[in-house]
Structures are given as C-alpha cells and as structure tokens.
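Asks: Sequence:
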Amino acid sequence: MVQVILDQNRKQRENEKQNNEFKVLCQTIQMESETKRNEQTADNFESNSYPTNLPQLNPFRIVHSNNDLENDKCGGKFKCERKFTFSSFESEVSNTINREVLIKSSDQLKEHLPNERVIREVHSAVRLNGKIFEKSNASALVVLNLPEPPKKESALPNYMEYLNVLTHNLRRVLLVREMWTAKNILTGFHQLSLFRVNATFFHTTSLTRWQNFENERHFEPGEDVLKRMWYALKYDVKRWKRRWKEARMDPYQRNNAIAHIKRHTMDLELFPFETQVLIIGGGLIGSSVAYWLKQAFRDEDYKVTVVENNDKFAQCASMLTCGGISQQFSVPEHVTMSAFAAEYLRHAGEHLRILDNDPPDINFLPMGFMYLARTPEEVDRLKRNWKVQTRNGARIDLLNRNKLCAKFPFINFDDVLLGSYGLENEGTIDSWQLLSAIREKNLTLGVQYLKGEVEGFYFGQRYGATEIYGIADDADEAVWRNKHIRGAFIRPQMTDASARIVRSNHIVVAAGAWSGRIAEMARIGKGQDLLAVKIPVVARKRMMFVVHAPDVPALDMPALVDPSGVYCLLEEVGNTFICGKIPNKEEDEKMDHSNLEVDYNYFYNDIWPTLVKRIPAFRNLKIKNAWAGYEDVNTFDNSPVIGEHLLYQNLHFLCGFGNRGMQHSLAVGRSYAEKLLEGAYVSLNLRKFDMRRLVKMEKLEEEYG
Numbered sequence: 001m002v003q004v005i006l007d008q009n010r011k012q013r014e015n016e017k018q019n020n021e022f023k024v025l026c027q028t029i030q031m032e033s034e035t036k037r038n039e040q041t042a043d044n045f046e047s048n049s050y051p052t053n054l055p056q057l058n059p060f061r062i063v064h065s066n067n068d069l070e071n072d073k074c075g076g077k078f079k080c081e082r083k084f085t086f087s088s089f090e091s092e093v094s095n096t097i098n099r100e101v102l103i104k105s106s107d108q109l110k111e112h113l114p115n116e117r118v119i120r121e122v123h124s125a126v127r128l129n130g131k132i133f134e135k136s137n138a139s140a141l142v143v144l145n146l147p148e149p150p151k152k153e154s155a156l157p158n159y160m161e162y163l164n165v166l167t168h169n170l171r172r173v174l175l176v177r178e179m180w181t182a183k184n185i186l187t188g189f190h191q192l193s194l195f196r197v198n199a200t201f202f203h204t205t206s207l208t209r210w211q212n213f214e215n216e217r218h219f220e221p222g223e224d225v226l227k228r229m230w231y232a233l234k235y236d237v238k239r240w241k242r243r244w245k246e247a248r249m250d251p252y253q254r255n256n257a258i259a260h261i262k263r264h265t266m267d268l269e270l271f272p273f274e275t276q277v278l279i280i281g282g283g284l285i286g287s288s289v290a291y292w293l294k295q296a297f298r299d300e301d302y303k304v305t306v307v308e309n310n311d312k313f314a315q316c317a318s319m320l321t322c323g324g325i326s327q328q329f330s331v332p333e334h335v336t337m338s339a340f341a342a343e344y345l346r347h348a349g350e351h352l353r354i355l356d357n358d359p360p361d362i363n364f365l366p367m368g369f370m371y372l373a374r375t376p377e378e379v380d381r382l383k384r385n386w387k388v389q390t391r392n393g394a395r396i397d398l399l400n401r402n403k404l405c406a407k408f409p410f411i412n413f414d415d416v417l418l419g420s421y422g423l424e425n426e427g428t429i430d431s432w433q434l435l436s437a438i439r440e441k442n443l444t445l446g447v448q449y450l451k452g453e454v455e456g457f458y459f460g461q462r463y464g465a466t467e468i469y470g471i472a473d474d475a476d477e478a479v480w481r482n483k484h485i486r487g488a489f490i491r492p493q494m495t496d497a498s499a500r501i502v503r504s505n506h507i508v509v510a511a512g513a514w515s516g517r518i519a520e521m522a523r524i525g526k527g528q529d530l531l532a533v534k535i536p537v538v539a540r541k542r543m544m545f546v547v548h549a550p551d552v553p554a555l556d557m558p559a560l561v562d563p564s565g566v567y568c569l570l571e572e573v574g575n576t577f578i579c580g581k582i583p584n585k586e587e588d589e590k591m592d593h594s595n596l597e598v599d600y601n602y603f604y605n606d607i608w609p610t611l612v613k614r615i616p617a618f619r620n621l622k623i624k625n626a627w628a629g630y631e632d633v634n635t636f637d638n639s640p641v642i643g644e645h646l647l648y649q650n651l652h653f654l655c656g657f658g659n660r661g662m663q664h665s666l667a668v669g670r671s672y673a674e675k676l677l678e679g680a681y682v683s684l685n686l687r688k689f690d691m692r693r694l695v696k697m698e699k700l701e702e703e704y705g
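Note that full-length UniProt numbering has the sequence shown beginning at 1, numbered continuously upward.
For the record, the hints were derived by calculation from the structure and aren't laboratory data.
If a hint is listed, it holds; no wrong ones were tucked in.
Here are the simulated lysine to any residue pairs, SDA-like style, with alpha carbons at most 20 Å apart:
no., residue 1, residue 2
1, 241, 229
2, 613, 405
3, 441, 364
4, 534, 690
5, 613, 565
6, 383, 424
7, 526, 459
8, 245, 300
9, 526, 636
10, 699, 388
11, 675, 691
12, 622, 548
13, 534, 688
14, 387, 377
15, 451, 274
16, 403, 378
17, 483, 455
18, 585, 610
19, 534, 695
20, 585, 606
21, 451, 503
Nothing here was measured: the structure is a model prediction, and the numbers come from that model.
Start from the sequences and build out the full structure, keeping to the hints where you can.
Replies: Here it is, written out as structure tokens:
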C-alpha cells in the first residue's frame, strides 16, 4: 500500500515537472459559446462515436496595436499550449463558418500576454496525460480546446485516432505566413487562403522531377493490365507534350517542331552531347548502378551513359574474379550486401530476363564457406564476427575441432581450435555471365555504352562563386576550389579520334583498380585542403589457378579459406577447383604488379604446400589453367570508398572493393541509385564508407580478405 502511494506521488511530481517546463505564458482564448459544450464532447468519446469528416477551422484572429509594432514589442518567443475544440469540427459547417470572428487587441491581452513577448513565432505542443504528443512550429497562434481523455481504456484507441485526424488537419492551418504589413496575424482558414502554405510544399522526400515531367511508376507483369496501359499512354502523352514545347522554344527547331522533336540536335552522333549520369567503368559496379537507375526511372530522356575502356576492361576483376559469395565479414554492411546479392542471384533469371528470351544462367553453385582459427586471438575474433553475422541475418555455424573432424574427415584439423561454416546464401557464380546479363538488360532499358577512354574533366565556374585574381602562391588553389565539374573529355577508341566533351550532371567513377588515376585528373590528391586527400585505391595483381584433383571428394568439399590466406573453391562438379591466395600487406608489397604474367612458382612455393598440409588428397593434382587480374585494393583500410567527393559534390566514387566487388555490386548499385534519385540512402545506409573517414583518418578495416 505504501509502495502504491509512493508511485502515485512520484508520477504526480513528474507530471507537475513536465507541466512547469511547458507552462502556458498565453492562456487559452476561447469563445463563451464553446465553453459549455466541452463536457458534452468529452462524454462523446466514451460512446466510441467520433467524426470522420473534419471541416475547416473556426476562424478567429488576434490583432495587435500599431504602437506595439512600432516599439518593436513583437520580438521574442513564447510557448503556447495548443488545445483542440471538438465543437469547432462539428458537422454544422455553415454555422461554424458564419460565426462571428472574435477579435482581441493587445490591450485586451495584457493580462494574458507579456508586453515584450507578443505573437511572432509560436512553438506549440500538444500534451496528453503529461506527455508530449506532437511538436510543431507555427507562425500564428491557434488556441482550441481539447476534450479530456476518456476514462475507459476501450475508448482510448478511438480517442487517439481522432487526435491523429485532427492534428493532420490542423497541420495545414498552422503552416501560414504573416502578412507583409506585420500588423495582423490571422488564423482563419478562409481568410488566409492567399497566404496559406500547402502541406505538400514542406514535403520531406526529395522526389526527382526531371524538367516539368513527373515520373510514373513502372508496373511489373501480374499487376492491373488496364491501369498499366493507362499509365503508359499518359506517360507518352506527357513526354510528347513536353518535347513539343521545348522544340518550339528552340530557334533551330521551331520551323518544324514536330519533325525536330528530339531533345538535342547532336543525339544522332556516336557520342551524346550531354547525359544526366555519366558512369566511368563498365564493370559490375558501373553496370549495376546504371541498371538500378533505369529500373527506377525509365524515361528515355533520362540518359545514363557508361564509358568503358576495352584495354582495361579485359583486366578488371569483374571479368577475372573467382565468383565467390560469402556472408562472413566483420562489417555489418558487408553482411547485408552479400545477403541481398545471394537472394537476388537466386532469381536472376527472372530479374534479368529480356522479353520472351531464355532466362540467363549465371551458374550459381551453392557452397558453404569455412574459415578456421588456430590461435586464441583468432578464436576471439571469429566469435566476435560470428555475433555480427548472425545479428544481420546470416546463418553461420561455429564448429569445434571434434565437430569439424566428424563433418569433414578428409581435412586435417590438428592445429585448428575453431571453425565457422556458412549454412545458406553462400556459393560461387560465373561473374562473366552475370555481367553479360546485366549489360544486355541495360541496353533494353536505354543505357548507352561508349567505348572510350577518359582523358580529363571539363570544369566550370561554381554557381555563386566570385572570380579570383591575384599572384599569391595560393591563388591557383583558390581558383580550383571554385571549380565545378561539368563533364568529362572522352576519346573514342577508334583511329584518329580526338577527345570530345560529354556534359553530365553527375559523374560516377566506378573504374575499379584505375579509379585512383581518374581521381588525379580532377587534382584529387594533388592540391591543398580537401584536394590534398587522395583516393587510396591502387591496382593489385591476383593470380588464380584451376586444378584437377581426382582424389578429393568434391561433393563434400567446402569453400575453404585457410588462416594463411590460401583458398580453394569448387568450380564445377567434376573435381575441378580454383585455388589462390589472399596475401597480407608484406607479401603484397613484394609482388610485381606491373604486369599480369602468371608465376607458377608462386603456386608451387606458397599455395600448394599449404593446400596439401590441410587436405592431403590435393597431393595428386594437375594444373589445368591459370590467369591473373587486377583488384581495386584500398591501401588505407581495405574497405570500399562509396560516396561523393567533399569538394566536387557531383563527382561520386565507387571503388576499393578488393575481392568483394562482384558480390557487393548489386547492393551498392541499388543503394547508390537511390541516393542519386532520392537524395539519400533508402534500402541500405552506406554513409560510413564515404570520404569523410579518409579526411579524419578513421579506418574501417575489414578483417576478412
């Protein structure tokens, strides 16, 4: 009993404290005719009868004298307890609108308002049982009486639903502007029709509107066919109407606007005159960004152009990777991206199918990855990362030495203390088949692929910046800080072709191992201040060997990753495996990265002995094939760089993925396409990978590979 009394006293003190914080400096102004009806209104809530159609507010205004305005007594702020009047929203709309407007002068409000704090900006709050229900800013005072909450708990949900409808309608009335004379602040809805701001004016989502055209959604097969046809017809009519208007305004096309209805006069050339998004790099990252952009915005005038260099394209990781997909990482975002890739690739035939053609086959081979720990430090790291992986939805099993030996008897676990094994959403694919399917799908969506080489960027003066003249040492750097990238110089890969400008609003650098060189063309890493921070992405040589081991049980073989960095993946059901090694920093610095020649001594000296020690059945193997390719490695923290440059806001970088580029390309492309269209990440937040960590020298290291 004493405890109950103490709890009641404590709650009462908390309510009094909150009431004091929001103490009303302006008492409620209400009409006498409405005062008598509040008790009746409160009883109506317990009968579960609430109005659904809420008419306009009962208008009343508060007028201040000119003396107060001249003496600058309108400065300052005050808080007002916003209450709602149920009687104002009754069905008798005509009586409510025709009711006499209550006018209060500043002299009549002296007992309610301080002289120094007259209405200028209202910070109102709705309080329900001592708790803040809603906060909003307004430029006018709205005082309405709200009935008391019902005593019955069964009527409380209906009461809250009524509040939601009421506040939704009030939000439109509160968004008003003060008259230019600054003498009267009106709160009447019909009196402020010219000064009222619509709620859509304050829409928080940055929807993309391209010129005067509103993008319509795309209907997938299986939806309403008639509605889909209607949207398609309306889509075409809007586009034709807009093009015809633009053609009439063009002096070179106005003679025959219908015949010259194309957007630009240079569209028929090999290279476009301008494009909305220019993507440098035609690998999996760049093609994935283009794919998701055109999937979300299918207007043919919204141009997405991909520039690829055939000489570099044949050496990139998208063509030469082993195609492994794993969810065992130490960074949560990497786990989520791999999970999305695995789910997407399971249905890649449906997503990337073109009309009635056969669905593409990416040769997805399910296979669990296994990581081993030999020391107590590695065991702690494996357990810590296992918690991160399972927390993000991955199905990973931790196995001790006895369980490992029972599950994989053909593998030597004498020096192993603990192992992690993936149970689902892991395996290998053919990365070249995936890239081909995405490129063919992009061509049907309207993405333009250009065979060329970027030789530089086209700069212009930043909007609103002043021109700088001087001979000081830092004058050149100040000029560069005022520059704005307007496009890129691209040289077509043909005989005797010169570079030409392709103007673009956004430029996405997804050049893989050569992204650092592209960044240097914009003086990134060669200037001062923000331009002094370079993109630490370099090309690193990686060699892969295809071997045939007839004695290894292929069906029971996991995707093994040894603590030394040696890995072995099953390529196909036929005792054919792909072997390689992920070198550490010391071994990576000793390698020759200037060419892509395969060093077979590297396999016999560094890979094969470790492989035979772990799996003795690999003693009788034979090398069938081998190749070498470049990976884009971030030498700073081995994590990708995803985001716009801090100085050039329209220059975006997607690079530094290392051996994870193939499996993370789909998720990164979707997330960054959302950022380009919506202005922010929607499905997956990748802000921690932007360039701010490079400026702050804060590493985000990935412990796996």
